[in-house]
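Chemist: Sequence:
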Amino acid sequence: MSQNKTNEKAKQQEDSSQIAYHGIRRMLYTKELVPGQRIAYRDLAEKLQLSPTPIIQALKWLELQGFVCHEANRGYSMAPFSLKEIEELYELRELVEPSLISATIQCIDKEGLGELKLALEAHLSAEREFYLKERLFKNREFHMTLASLSGKETQIRLLQNVFDMLFLKYGGNYFPIASLTSTDQEHQEIYDAVALRSLERAQKVLKNHLTNVKVQVLSSVRKILAEQEQSPF
21 MSQNKTNEKA KQQEDSSQIA YHGIRRMLYT KELVPGQRIA YRDLAEKLQL
71 SPTPIIQALK WLELQGFVCH EANRGYSMAP FSLKEIEELY ELRELVEPSL
121 ISATIQCIDK EGLGELKLAL EAHLSAEREF YLKERLFKNR EFHMTLASLS
171 GKETQIRLLQ NVFDMLFLKY GGNYFPIASL TSTDQEHQEI YDAVALRSLE
221 RAQKVLKNHL TNVKVQVLSS VRKILAEQEQ SPF
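Numbered by this note's numbering, the letters in the sequence shown go through residues 21 to 253 in order.
Don't read these hints as lab results, they were simulated from the structure.
As the structure is a computational prediction, the values presented were derived from the model and not from experiment.
Backbone N, C-alpha and C fix where the C-beta goes; we use that ideal spot for every residue, glycine too.
Please note: incorrect hints may appear among the correct ones.
Unchecked claim - EDC-like cross-link-like pairs, simulated, lysine to aspartate or glutamate; straight-line CA separation at most 20 angstroms:
1. 67 to 114
2. 104 to 184
3. 104 to 83
4. 130 to 209
5. 158 to 91
6. 80 to 91
7. 234 to 108
8. 224 to 114
9. 243 to 108
10. 51 to 129
11. 234 to 161
12. 172 to 129
13. 172 to 154
14. 158 to 135
15. 224 to 204
16. 234 to 204
17. 243 to 129
18. 67 to 52
19. 130 to 161
20. 137 to 209
21. 234 to 111
22. 224 to 209
23. 51 to 184
24. 234 to 206
25. 227 to 212
26. 137 to 83
27. 51 to 154
Said to hold, decoys possible - Computed beta-carbon distance windows for the label pairs:
28. 35 to 122: 35 to 45 angstroms
29. 228 to 123: 27 to 37 angstroms
30. 84 to 39: 17 to 27 angstroms
31. 135 to 95: 38 to 48 angstroms
32. 215 to 67: 38 to 48 angstroms
33. 216 to 71: 52 to 62 angstroms
34. 228 to 173: 19 to 29 angstroms
Sequences are here, hints too, so could you generate the full structure?
Modeler: Right, here's the structure in full:
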């Protein structure tokens with residue numbers, strides 16, 4: 021086989037693996053795959069209209085990211101639900117996000133402040149009756165915009181991975197409806213502090229906000245798990 025054909029075949033395999041990877045991520049988003057579920061990669065291949073090889077490669081990537089587990093002679097399954105993991109993910113947010121505020125305030129210009137304002141308004145205008153996926157992703161967009169304006173690329177990528185785990189693996193949909201108003205207010209206060217370039221105020225409000233979210237989410241998850249344990253079905 022010529023070198024050109026070899027390179028072309030490798031490129032096709034890489035493209036197919038990327039298609040498989042993003043296809044499986046979409047299935048996580050739509051909850052066609054949930055924590056603890058066994059994965060039949062041949063069924064995935066049929067569903068995504070691909071051969072098993074790129075599916076297996078995509079599952080290996082997802083295993084490295086913590087979404088998937090592999091056991092010898094047993095195959096692949098979705099990583100199990102873990103309250104401890106959810107808590108650690110929020111603890112990471114508590115560490116990373118406030119640490120970026122200083123760089124954000126130093127780097128932010130009129131254009132950047134406009135981006136943050138648009139992200140804030142998008143979250144405030146999202147569906148309010150329930151904490152739906154649109155609102156969850158607008159929430160993430162606000163926080164990621166705030167972080168991205170720092171220019172700290174490695175920490176931004178880490179934070180992106182944290183959000184992926186929260187929203188793709190767990191759905192993120194554990195936020196109590198009663199807390200929506202306080203979230204809106206806290207986001208507004210964060211924006212106002214950044215606009216005024218008040219570092220101490222911005223860090224304090226953001227830290228309190230993230231701690232409040234963590235406490236509310238963990239309380240909600242524990243309640244759901246307790247109800248599931250008591251259910252006869």
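Chemist: All the hints need checking, so say for each whether the structure fits it.
Modeler: Hints and how they fare:
Annotation: proposed proximity of residue 67 to residue 114 is violated, straight-line Cα distance about 39 angstroms (limit 20 angstroms). Restraint check: the Cα-Cα separation between residue 104 and residue 184 comes to about 16 angstroms, which is no more than 20 angstroms; the hinted pair holds. Restraint check for residue 104 and residue 83: the C-alpha separation of about 18 angstroms stays at or below 20 angstroms, so the hint holds. Between residue 130 and residue 209, the direct Cα distance comes to roughly 18 angstroms. Compliance with the 20 angstroms bound is thereby established for this hinted pair.
Of the pairs offered as hints, the one joining residue 158 and residue 91 is violated, with about 36 angstroms between alpha carbons and a cut-off of 20 angstroms exceeded. Taken as a hint, the residue 80 and residue 91 pair is honoured in the structure, with Cα atoms around 12 angstroms apart against an allowance of 20 angstroms. Restraint check for residue 234 and residue 108: the C-alpha separation of about 10 angstroms stays at or below 20 angstroms, so the hint holds. Straight-line distance between C-alpha atoms of residue 224 and residue 114 comes to about 11 angstroms, which keeps the hinted pair within the 20 angstroms bound.
Only pairs whose Cα atoms come within 20 angstroms are accepted, and residue 243 paired with residue 108 is accepted, the gap being roughly 18 angstroms. Our distance criterion of 20 angstroms between C-alpha atoms is broken by residue 51 and residue 129, whose separation comes to about 39 angstroms. Restraint check for residue 234 and residue 161: the C-alpha separation of about 18 angstroms stays at or below 20 angstroms, so the hint holds. This hinted pair checks out: residue 172 and residue 129 have alpha carbons roughly 16 angstroms apart, not beyond 20 angstroms.
Between the alpha carbons of residue 172 and residue 154 the distance comes to roughly 27 angstroms, so the proposed pair goes past 20 angstroms and is violated. Between the alpha carbons of residue 158 and residue 135 the distance comes to roughly 13 angstroms, so the proposed pair stays at or under 20 angstroms and holds. Distance check on the hinted pair: residue 224 and residue 204 sit about 16 angstroms apart at the alpha-carbon level, within 20 angstroms; holds. For the proposed pair residue 234 and residue 204, the alpha carbon gap of about 16 angstroms is at most 20 angstroms, so the pair holds.
Our distance criterion of 20 angstroms between C-alpha atoms is broken by residue 243 and residue 129, whose separation comes to about 43 angstroms. Proximity of residue 67 to residue 52 is assessed by CA-CA distance (about 11 angstroms); at most 20 angstroms being required, the pair is judged to hold. The suggested pairing of residue 130 with residue 161 holds, with an alpha-carbon distance near 19 angstroms, which does not exceed 20 angstroms. Simply put, residue 137 and residue 209 have alpha-carbon atoms about 12 angstroms apart, close enough for the 20 angstroms limit, and the pair holds.
Taking the CA atoms of residue 234 and residue 111, the gap is near 8 angstroms; set against the 20 angstroms cutoff, the hint holds. Annotation: proposed proximity of residue 224 to residue 209 holds, straight-line Cα distance about 10 angstroms (limit 20 angstroms). Distance restraint check for residue 51 and residue 184: the Cα-Cα separation of roughly 14 angstroms lies within the 20 angstroms cut-off, and the hinted pair is therefore satisfied. For the proposed pair residue 234 and residue 206, the alpha carbon gap of about 14 angstroms is at most 20 angstroms, so the pair holds.
For the hint linking residue 227 to residue 212, the alpha-carbon distance of about 15 angstroms falls within 20 angstroms, and the restraint holds. Among the hinted pairs, residue 137 with residue 83 is inconsistent with the structure: their alpha-carbon atoms are about 36 angstroms apart, more than 20 angstroms. Using a Cα cut-off of 20 angstroms, the hinted pair residue 51 and residue 154 holds, with the two alpha carbons roughly 15 angstroms apart. Between residue 35 and residue 122 the C-beta distance comes to about 41 angstroms, which sits within the given range of 35 to 45 angstroms.
About 20 angstroms separates the C-beta atoms of residue 228 and residue 123, a value inconsistent with the hinted range of 27 to 37 angstroms. Separation of residue 84 from residue 39 is about 18 angstroms and conforms to the stated range, judged on CB atoms against 17 to 27 angstroms. Restraint check, residue 135 to residue 95: a C-beta distance of roughly 44 angstroms satisfies the suggested window 38 to 48 angstroms. For residue 215 and residue 67, the Cβ-Cβ distance of about 47 angstroms falls inside the hinted range of 38 to 48 angstroms, so the restraint holds.
Checked against the hint of 52 to 62 angstroms, the pair residue 216 and residue 71 passes, with Cβ atoms roughly 56 angstroms apart. Our hint of 19 to 29 angstroms for residue 228 and residue 173 holds, since their Cβ atoms are close to 27 angstroms apart.
Hint violations for this structure: numbers 1, 5, 10, 13, 17, 26, 29, all remaining hints satisfied.
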